[in-house]
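J.: Construct the complete structure from the given sequences, taking the supplied hints into account.
Protein sequence lines correspond, in order, to chains A and B. The first sequence begins at 1 in this note's numbering and counts up by one. The second sequence begins at 1 in this note's numbering and counts up by one.
If you're looking for bench data, these hints aren't it; they were derived computationally from the structure. Be aware that one or more of the hints could be misleading.
What the hints assert, rightly or not - Covered by chain A, according to a simulated footprint, are these stretches of chain B (three or more residues, beta-carbon under 8 Å):
#	segment
1	37-48
2	69-80
3	142-156
Positions of the beta carbon are idealized from the N, C-alpha and C atoms, including for glycine.
The residues making up each chain are set out below.
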Amino acid sequence: MRKIATALAVATLMAGPVLTAPSATAAQTANDTTTYTQPAPTPAEPKVQGLDCRGTTGNMGCGPGWFWRDGWRGWACYPC
Amino acid sequence: MNIYMKTACAFAALAAGATIGGIGSAAAESGDYSTLPVDPNLLTDSQAYSAAPFDINPDGRPGVTAVYTHREGGTRTITTTILILPDDQAATAAVAGAAAEVANPQTKPAAVGTGGTMVSGTSPDGTESVTVLTFTQGNAATTIEFDGPINDPAPADLVVEFGQKQDTAIRDWQLT
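T.: Quick look at the structure:
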């Protein structure tokens, strides 16, 4: 009797994880014919970054075509 | 009534005569020309130029010459000469040949004072850019010379703006 009880207990311990484990295919349906396609990547618009006349993106807020230097008006943005 | 009328007319005639004849300017009569030149730092970041001591009555002529030098290695100078002459005609004659030494000159009118003219070119040896602005205001003859690097002449808008401020200062001086 004791052997039978022990065997049942061991069997229960061994079967527990198997019976309670989530099934990887639980969400799958047998006849799923949907075709999943990945959307084609949209080509990025070309970005144009204007450069000042020293080949950089400007300094002190001077826009393209202007640059910062100590000129006739002192330190200021001057055209190239 | 006639007495009052005559008195009033007499005062009116005196006032008109004084106005037409010109009430002498205190500054002009005193010959104090040191307040005439306009500091170019008014147009800059306030520290770009330093002034040399003014030359009062340059070459014995009534007026003032002011030289302002840019801090960047002294590569730019602004020289203002204001002469106070007997009349308008003399002032006009005084500025006539002021830009004679500018090489490769390009002349165009400038909206400054009376007869404002801007002459741009180079120094005779071709090593510097030179721009000369001339104008008159009544009997005041003004010449402003901008000397700079050969590849960096004074911008025309700066020349005109500075000239207009100088013209205003002269008019104010004449009225004080």
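J.: What hint numbers does the structure not satisfy?
T.: none
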